[in-house]
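Trainee: Letter by letter, the chains look like this.
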Amino acid sequence: MKSLPAEKSEFLRILATRIVPETSDLDDAGLDRFFEIIDGALLDRPETVRGQFATFLGVLKWAPAVRFGRPFDRLPGEHQDAVLRWFEDCPVSILRKGFWGLKAMIFMGYYGQPETNEIVGYAPELDGRARFHA
Amino acid sequence: MREMEYDIVIIGSGAGGGVAAKELAPLCADGVRIAVFEWGAKLRDDEYSGREVDMASKLFFDSGGTFTKDRTMTLAYGRAYGGSTVIYTGTSLTMPEDVVEDWDVPGLEFADLHRRSMKYFEENNVHLLSEEDINDNNRLFLVGCRKLGFNVEQFPINVKGCRGSSLCNLGCPNQAKQGTDRVQLPKAEALGVEVITNCRVTNIGDRVCEAVVADPGYGEPSKWEPGEYRVRAKVVVVCAGGVVNSPGLLLRSGFADGLPMLGRSITLHPALILVGEHVDPITNFHGFPKSYYCDQFMKRDRFLLETCMYFPFVTAKNLIGFGAEHSELMRAFPRLQMILVLALDPAVPENRVTLDAHGDLVIDYTLTEPVLDSLHASMLASTRVFFAAGARRVHAPAGTNFFIDAADSDRVDQLIPRANVKPGKISVTSAHLMGGCAMGRDVSDSVTNGWGRVHDIPWMYVADSSLFPQCSEVNPYVTVMALADRVAEGIRNHAGELLS
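The listed protein sequences correspond, in order, to chains W and F.
Residue 25 is where the first sequence starts when you use the numbering used here, and the numbers rise one by one after that.
Residue 1476 is where the second sequence starts when you use the numbering used here, and the numbers rise one by one after that.
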């Protein structure tokens, strides 16, 4: 990724497996598309927003050390989910918003791929009218 | 920097700019030179791929995800030949009489606005879809609302040859939607108006605009070579760049000193997308996506319910939660019914478009407690509609659980507590941006008069939804066209004086 350093993009991949479990099933091409879409979205944003996103990833990685004594990527899955749920409902609004932004990026990277439309059963057609009259 | 000269320069080509261009175009026969500057590209017909991320990046500012300053909302507004008319659904409503009265703009009468709105109904082929062309997603909304005794109306829509791709919000791949890209701009160009795409106006001086043309790498090439331009507008400049860019451009150009209300009192119709899951597949992404609305709660609870059908990424980001439950609901896509709720937000001066310390545009908008109350009430009403329509379970963004089962439908009030409506947690979006260059009496309460003429700047007009002094309470594009029609008439009426 051009928008994030390598260790941050690897951490993003780990987070993605908790947020959209199907990202674990992506092949190399699918993962490339996942990162390409997120990269494109981040590069379109001002540098300050990219910086805030990278900072939030750092907070998310190290915040669990306070409670669990280990960073996020060394926690078992259920503890990782508990951390993410805490961030999603966090009383500190800036952390809630950061988590919302993270989720949106990961959803974009996965569900924004035309290749994943089939998995969710989404198959629009130019002539949708004919299809539903059929 | 290249020098150009026109008599009339129109900035923006959406519902406002496109109509202003078409209405002023007959002046070209008298030798008046008119240019429209559009920031976005003119896509070729074969570039409307229907792919969500691809189309969002080509047709929307910030791919449809412009943040408000406090990051509690994202805004979706268009950037293309045709502006936001390329990416709306084409639902065509006229503004209610009581709302026009509440606007209280001197000289702006309901009858006049309504007459002009009807003109654009005619011009844009507005009609009701026949019953057999209404898919299950829409039909179930009607069923649910009627069971509950809620009033439902059908949206008139502005399509011609619609094939029901359901991709309206990604630009119609069948060229059926009658936006300004299909109707008003081609008419204007045929009469001699020049439309310059990929052209961003960066500054307005005294009848002079500075603009930059860039090649985005897609769409038809701009009529002008990439580069910087200084364009003299001998007679009039019409700002029609929308709620963010019209006030934003005027603020950047230094007009704030004489116009204290510039950028202020924006309203956004804050919106939520809600999802109900049925047992069996329904027709949802086949067929026209938006056919009905429920106005039952407009006056008391200040929200509208509308049918809608969105795409996988937009749907995913509007759900609360993550992981297995989220994936389970996404995989039920062919069984999903969707409802869009719009809160009817008040115009308060603190909600505004402004500039930060670096001169960058900021949309400073706060979701007020009454608006959050409306969003909460809309979730309760929508959940009841889903269950009345036969949904097996519902996902409400403020629900205590990810799913609410039909067996719990009598406990909706408890399962969707008001305390869970947390800005920054739930996805709140806007596609109806209004205000910022409001019409009114004088500089103390507004930016323009009732004809869109900027106070104390006789050569500057505004012709877009930034003119709205309060929200329209209905989908706004027809009202934008009616107002732009008035603005153009005002310019024509003063043409002699202005041209001399």
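Since the hints were made in silico from the structure, they are not lab data.
Treat the hints loosely; a few may be bogus.
[Stated by the list, open to error] Once the Cα atoms are required to be at most 25 angstroms apart in a straight line, the calculated DMTMM-like pairs of lysine to aspartate or glutamate come out as:
{"#": "1", "chain 1": "F", "residue 1": "K1544", "chain 2": "W", "residue 2": "E71"}
{"#": "2", "chain 1": "W", "residue 1": "K26", "chain 2": "F", "residue 2": "D1835"}
{"#": "3", "chain 1": "W", "residue 1": "K85", "chain 2": "F", "residue 2": "D1545"}
{"#": "4", "chain 1": "W", "residue 1": "K121", "chain 2": "F", "residue 2": "D1848"}
{"#": "5", "chain 1": "W", "residue 1": "K121", "chain 2": "W", "residue 2": "E149"}
{"#": "6", "chain 1": "F", "residue 1": "K1897", "chain 2": "W", "residue 2": "D113"}
{"#": "7", "chain 1": "W", "residue 1": "K121", "chain 2": "F", "residue 2": "D1690"}
{"#": "8", "chain 1": "W", "residue 1": "K85", "chain 2": "W", "residue 2": "E34"}
{"#": "9", "chain 1": "W", "residue 1": "K121", "chain 2": "F", "residue 2": "E1972"}
{"#": "10", "chain 1": "W", "residue 1": "K121", "chain 2": "F", "residue 2": "D1835"}
{"#": "11", "chain 1": "F", "residue 1": "K1635", "chain 2": "W", "residue 2": "E149"}
{"#": "12", "chain 1": "F", "residue 1": "K1544", "chain 2": "W", "residue 2": "D68"}
{"#": "13", "chain 1": "W", "residue 1": "K121", "chain 2": "F", "residue 2": "D1831"}
{"#": "14", "chain 1": "W", "residue 1": "K121", "chain 2": "W", "residue 2": "E142"}
{"#": "15", "chain 1": "F", "residue 1": "K1897", "chain 2": "W", "residue 2": "D63"}
{"#": "16", "chain 1": "W", "residue 1": "K32", "chain 2": "F", "residue 2": "D1537"}
{"#": "17", "chain 1": "W", "residue 1": "K121", "chain 2": "F", "residue 2": "E1825"}
{"#": "18", "chain 1": "W", "residue 1": "K85", "chain 2": "F", "residue 2": "E1825"}
{"#": "19", "chain 1": "W", "residue 1": "K26", "chain 2": "F", "residue 2": "D1690"}
{"#": "20", "chain 1": "F", "residue 1": "K1544", "chain 2": "W", "residue 2": "D56"}
{"#": "21", "chain 1": "W", "residue 1": "K121", "chain 2": "F", "residue 2": "E1803"}
{"#": "22", "chain 1": "F", "residue 1": "K1897", "chain 2": "W", "residue 2": "E112"}
{"#": "23", "chain 1": "F", "residue 1": "K1635", "chain 2": "W", "residue 2": "D151"}
{"#": "24", "chain 1": "W", "residue 1": "K121", "chain 2": "F", "residue 2": "E1800"}
{"#": "25", "chain 1": "W", "residue 1": "K32", "chain 2": "F", "residue 2": "D1690"}
{"#": "26", "chain 1": "F", "residue 1": "K1544", "chain 2": "W", "residue 2": "D113"}
{"#": "27", "chain 1": "F", "residue 1": "K1544", "chain 2": "W", "residue 2": "E149"}
{"#": "28", "chain 1": "W", "residue 1": "K26", "chain 2": "F", "residue 2": "D1537"}
{"#": "29", "chain 1": "W", "residue 1": "K121", "chain 2": "F", "residue 2": "D1545"}
{"#": "30", "chain 1": "W", "residue 1": "K26", "chain 2": "F", "residue 2": "D1529"}
{"#": "31", "chain 1": "F", "residue 1": "K1774", "chain 2": "F", "residue 2": "D1690"}
{"#": "32", "chain 1": "W", "residue 1": "K32", "chain 2": "W", "residue 2": "D105"}
[Stated by the list, open to error] Calculated Cβ distances over 10 angstroms to all of chain F for the following chain W residues:
{"#": "33", "residue": "K26"}
{"#": "34", "residue": "P29"}
{"#": "35", "residue": "R37"}
{"#": "36", "residue": "I43"}
{"#": "37", "residue": "E46"}
{"#": "38", "residue": "R74"}
{"#": "39", "residue": "G75"}
{"#": "40", "residue": "T79"}
Here the structure is a predicted model, which is why all the values come from computation and not from measurement.
Idealized CB from N, CA, C, for every residue including glycine.
Trainee: Confirm or reject each hint.
Mentor: Evaluated hints:
A C-alpha spacing of about 16 angstroms is found between F/K1544 and W/E71, which places the hinted pair at or below 25 angstroms, so the restraint holds. As the CA atoms of W/K26 and F/D1835 are separated by approximately 24 angstroms, the hinted pair is consistent with the 25 angstroms bound. Between W/K85 and F/D1545 the CA atoms are separated by roughly 24 angstroms; this keeps the pair inside 25 angstroms, and the hint holds. At most 25 angstroms may separate the alpha-carbon atoms for a hinted pair to count; W/K121 and F/D1848 meet this at roughly 20 angstroms.
Restraint check for W/K121 and W/E149: the C-alpha separation of about 35 angstroms exceeds 25 angstroms, so the hint is violated. The straight-line distance between the Cα atoms of F/K1897 and W/D113 is roughly 8 angstroms, inside the 25 angstroms bound, and the hint therefore holds. The hinted pair formed by W/K121 and F/D1690 fails the criterion: a straight-line CA distance of about 34 angstroms is larger than 25 angstroms. Between W/K85 and W/E34 the CA atoms are separated by roughly 12 angstroms; this keeps the pair inside 25 angstroms, and the hint holds.
Restraint check for W/K121 and F/E1972: not satisfied, since their Cα atoms lie roughly 53 angstroms apart, outside the 25 angstroms limit. Pair hint W/K121 plus F/D1835 holds up; C-alpha atoms about 21 angstroms apart against a cutoff of 25 angstroms. For the hint linking F/K1635 to W/E149, the alpha-carbon distance of about 18 angstroms falls within 25 angstroms, and the restraint holds. At roughly 17 angstroms between alpha-carbon atoms, F/K1544 and W/D68 fall within 25 angstroms of each other, so this suggested pair holds.
For the hint pairing W/K121 with F/D1831, the CA-to-CA distance comes to about 20 angstroms; that is within 25 angstroms, so the pair holds. The suggested pairing of W/K121 with W/E142 is violated, with an alpha-carbon distance near 30 angstroms, which exceeds 25 angstroms. For the hint pairing F/K1897 with W/D63, the CA-to-CA distance comes to about 29 angstroms; that exceeds 25 angstroms, so the pair is violated. Restraint check for W/K32 and F/D1537: satisfied, since their Cα atoms lie roughly 23 angstroms apart, inside the 25 angstroms limit.
For the hint linking W/K121 to F/E1825, the alpha-carbon distance of about 22 angstroms falls within 25 angstroms, and the restraint holds. This hinted pair does not check out: W/K85 and F/E1825 have alpha carbons roughly 37 angstroms apart, beyond 25 angstroms. Distance hint between W/K26 and F/D1690 is fulfilled; the C-alpha atoms sit about 22 angstroms from each other, no more than 25 angstroms. Note on F/K1544 and W/D56: the hinted pairing is violated, with a Cα-Cα distance of about 32 angstroms set against a maximum of 25 angstroms.
Distance restraint check for W/K121 and F/E1803: the Cα-Cα separation of roughly 24 angstroms lies within the 25 angstroms cut-off, and the hinted pair is therefore satisfied. With a C-alpha separation of about 10 angstroms, the suggested pair F/K1897 and W/E112 falls inside the 25 angstroms cut-off, and the hint holds. For the hint pairing F/K1635 with W/D151, the CA-to-CA distance comes to about 14 angstroms; that is within 25 angstroms, so the pair holds. Among the hinted pairs, W/K121 with F/E1800 is consistent with the structure: their alpha-carbon atoms are about 21 angstroms apart, no more than 25 angstroms.
For the suggested pair W/K32 and F/D1690, the alpha carbons sit about 32 angstroms apart, so the restraint of at most 25 angstroms is broken. Distance restraint check for F/K1544 and W/D113: the Cα-Cα separation of roughly 20 angstroms lies within the 25 angstroms cut-off, and the hinted pair is therefore satisfied. For the suggested pair F/K1544 and W/E149, the alpha carbons sit about 38 angstroms apart, so the restraint of at most 25 angstroms is broken. Taken as a hint, the W/K26 and F/D1537 pair is honoured in the structure, with Cα atoms around 18 angstroms apart against an allowance of 25 angstroms.
Distance check on the hinted pair: W/K121 and F/D1545 sit about 9 angstroms apart at the alpha-carbon level, within 25 angstroms; holds. Taking the CA atoms of W/K26 and F/D1529, the gap is about 19 angstroms. The hint holds against a cut of 25 angstroms. For the suggested pair F/K1774 and F/D1690, the alpha carbons sit about 47 angstroms apart, so the restraint of at most 25 angstroms is broken. For the suggested pair W/K32 and W/D105, the alpha carbons sit about 19 angstroms apart, so the restraint of at most 25 angstroms is met.
For W/K26, the requirement that its beta carbon stay farther than 10 angstroms from each beta carbon of chain F is met, with the minimum near 16 angstroms. Look at W/P29: its CB is around 23 angstroms from the nearest CB on chain F, clear of 10 angstroms, so calling it non-interface holds up. Every CB of chain F lies more than 10 angstroms from the CB of W/R37, the least distance being 15 angstroms, so the non-interface label holds. Interface exclusion of W/I43 from chain F breaks down, the closest Cβ pair being 4 angstroms apart, not more than 10 angstroms.
For W/E46, the shortest C-beta to C-beta distance to chain F comes to about 6 angstroms, within the 10 angstroms cut-off, and the non-interface label is violated. Distance check for W/R74 against chain F: the nearest CB is about 13 angstroms away, which clears 10 angstroms, and the non-interface claim stands. Distance check for W/G75 against chain F: the nearest CB is about 14 angstroms away, which clears 10 angstroms, and the non-interface claim stands. No beta-carbon of chain F comes within 10 angstroms of the beta-carbon of W/T79; the shortest separation is about 14 angstroms.
Checked against the numbered hints listed earlier, the structure breaks hints 5, 7, 9, 14, 15, 18, 20, 25, 27, 31, 36, 37; every other hint is satisfied.
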